[in-house]
Amino acid sequence: MGNYFQKDIETMPVEQIKAMQAEKLVNIVKYVYDNVEYYRNKMNEAGVTPDDIKGLEDLRKLPFLSKADLREGYPYGLLATDLKNCVRIHSTSGTTGKRVVAFYTQHDIDIWNEMCARAIVAAGGSDEDVVQVCYGYGLFTGGAGLDGGSHKVGCLTLPMSSGNTERQIMFMMDLSATIICCTPSYAAYIGETLKEMGYKPEDNKLKAGIFGAEAWTEEMRRDIEKSLGIKAYDIYGLTETCGPGVAFECSEQTGMHINEDHFIAEIIDPDTGEVLPEGSKGELVFTALDKEAFPLLRYRTRDICVLTREKCSCGRTFIKMCKPMGRSDDMMIIRGVNVFPSQIEAVLLNEGYAPNYQIIVDRVNNSDTLDVYVEAKEGDFSDKVKDMAKKEKALASAIKAMLGINPKVHLVAPKSIQRSEGKAVRVIDKRKRLGINV
Amino acid sequence: MAIKQLSVFVENVEGSLAKVTDALAEENIDIRAMCMADTQEFGIIRMIVDDAPSAKQKLDDKNLFLSVNEVVGIAVSDEPGGLAKAVRVLADNHINIDYMYAFISVSKKNAYVVLRVDDNDAAEMLLSEQGFTIVTDDDVSRI
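Chains G and L are the protein sequences, given in the same order. Here the working numbering is used: the first sequence runs in plain steps of one and ends on residue 438. Here the working numbering is used: the second sequence runs in plain steps of one and ends on residue 143.
Take these hints with a grain of salt, some might be off.
Unchecked claim - Below, in silico cross-link-like pairs of lysine to aspartate or glutamate (EDC-like), each with a Cα-Cα straight-line distance of 16 Å or less:
1. Lys-384(G) - Glu-11(L)
2. Lys-386(G) - Asp-61(L)
3. Lys-415(G) - Asp-60(L)
4. Lys-386(G) - Glu-41(L)
5. Lys-384(G) - Asp-118(L)
6. Lys-393(G) - Asp-371(G)
7. Lys-391(G) - Glu-41(L)
8. Lys-415(G) - Asp-61(L)
9. Lys-377(G) - Asp-60(L)
None of these hints come from the bench; they were simulated from the model.
All chains, please: the whole structure from these sequences, using the hints.
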């Protein structure tokens with residue numbers, strides 16, 4: 001059994017959760033139909049009216065909403081309430097295209113903060129903890145989300161925002177931070193910097209970290225846990241759905257519980273849109289049940305994952321999602337093979353390399369090329385060219401074994417790949433420049 | 001007996017080599033001998049300097065990626081066949097040379113050859129038996 005922020009809800013019997021979801025679904029569909037013209041038109045086109053939605057089994061009748069819809073509706077097209085009822089705006093980073101802005105009423109913010117509070121408590125947090133939030137504050141949801149959650153729990157909140165790593169470390173040490181929240185790549189960088197500054201993992205007071213906003217691997221989790229001397233927990237969310245906290249990890253660290261009192265999750269076949277049975281791998285789709293300002297019905301996340309409802313030792317009954325295996329946005333098709341950056345990262349960590357790398361995809365003479373730049377291991381430099389070439393070759397074979405395609409591996413000097421304080425830029429696809437649809 | 005060689009990784013990017021040479025100039029390090037190995041992707045600059053420990057420290061401080069290892073240095077008479085004799089004795093004794101480079105000192109009649117072999121001790125023994133002078137770190141500082 002674990003710690004809960006809202007025990008009655010987090011451990012509610014599954015049948016009860018489903019009944020609650022069904023009731024909320026019927027109401028939210030009506031609310032959206034009445035208030036969001038954009039989605040009403042979609043429903044009309046699909047020949048569905050709110051009267052057709054009587055329970056959970058009717059969910060699949062509703063049309064999907066995609067990121068393209070949100071972009072098309074920018075800025076107010078999907079807003080369901082008067083702006084005077086809204087108190088906050090957040091925005092996506094816009095790395096994959098035009099930004100999406102999301103609106104919040106105070107009630108939306110309260111629910112979001114509660115979900116983040118559940119995540120912090122699940123990671124062992126209480127009002128005795130000092131929570132260092134080094135996610136960016138601002139339009140990005142990371143800072144505001146964990147900050148709000150930390151306040152709900154009653155933790156002492158250190159609103160550091162991202163960047164200025166030396167200052168982060170100074171405050172972490174001087175003010176005895178016990179929980180840290182940031183992107184996993186920044187956590188790894190903080191760990192690296194601590195070591196450089198001569199600190200050992202046991203020198204800090206941190207016990208847990210809550211990391212999200214980008215894809216990371218189990219190997220990376222182990223590395224971060226070792227370098228910071230903590231337990232590392234995953235957290236999931238999208239700006240569109242509110243931000244981090246939609247799902248969070250418990251002490252089992254085997255996937256993230258989705259806050260099912262506020263969201264219904266489905267897995268679909270990304271090509272056909274067909275709903276897949278539990279345990280299948282496919283694209284994650286969310287229906288928000290309580291959002292007032294920016295409601296989403298059947299929103300396609302582009303994240304590929306698996307849902308399972310097995311009994312969890314933490315006592316929570318919410319369904320679990322595995323760590324996303326990559327965004328279908330991140331997925332590259334190279335020489336006809338589906339490749340996720342996270343697969344390459346897993347190989348690097350397995351082979352003992354740091355998770356600092358860059359992938360460059362290009363097309364030369366009508367054939368795709370995959371170049372992976374990897375930082376050589378500290379102290380592992382040889383004066384013989386053939387030794388260095390051998391290391392590159394060994395790594396290339398390991399990647400080939402994973403992906404089935406041959407990469408060209410380039411070892412570069414340690415610490416020469418630029419570090420990120422927010423989301424890391426891992427992939428540069430030069431084919432886009434050529435106007436090739438990838 | 002062997003002498004210390006510094007090998008520095010230089011990426012195939014403008015200014016990488018200058019970073020190395022600037023650092024050594026700043027520290028007043030004299031490069032006695034050097035050779036550059038290049039591949040399509042990166043280069044390795046190998047050097048014998050007058051003060052290897054200070055040079056390593058300086059390059060480490062500049063976050064350069066390097067290693068220090070021992071190589072065999074010999075004095076070879078600066079005349080036809082001088083080098084042939086040394087290489088022959090190693091070949092006859094199955095000692096492989098990974099790479100080598102030479103430099104000529106203006107003040108003496110000898111050329112100096114740096115050899116990277118798999119077994120330094122064996123190579124030095126064979127070469128000194130054949131009458132070659134083995135160069136030491138002290139010699140390097142004085143050359």
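These are the hints, each one checked on the structure:
Between Lys-384(G) and Glu-11(L) the alpha-carbon distance is near 15 Å, which keeps this suggested pair within the 16 Å criterion. Distance hint between Lys-386(G) and Asp-61(L) is unfulfilled; the C-alpha atoms sit about 27 Å from each other, more than 16 Å. In summary, the hint linking Lys-415(G) to Asp-60(L) is supported, as the alpha carbons are separated by about 13 Å, within the 16 Å threshold. At most 16 Å may separate the alpha-carbon atoms for a hinted pair to count; Lys-386(G) and Glu-41(L) meet this at roughly 13 Å.
Straight-line distance between C-alpha atoms of Lys-384(G) and Asp-118(L) comes to about 11 Å, which keeps the hinted pair within the 16 Å bound. Of the supplied pair hints, the one linking Lys-393(G) and Asp-371(G) holds, its CA atoms being roughly 13 Å apart against a limit of 16 Å. Note on Lys-391(G) and Glu-41(L): the hinted pairing holds, with a Cα-Cα distance of about 14 Å set against a maximum of 16 Å. Simply put, Lys-415(G) and Asp-61(L) have alpha-carbon atoms about 13 Å apart, close enough for the 16 Å limit, and the pair holds.
The hinted pair formed by Lys-377(G) and Asp-60(L) meets the criterion: a straight-line CA distance of about 15 Å does not exceed 16 Å.
In the structure shown, a violation is registered for the earlier hint numbered 2 alone.
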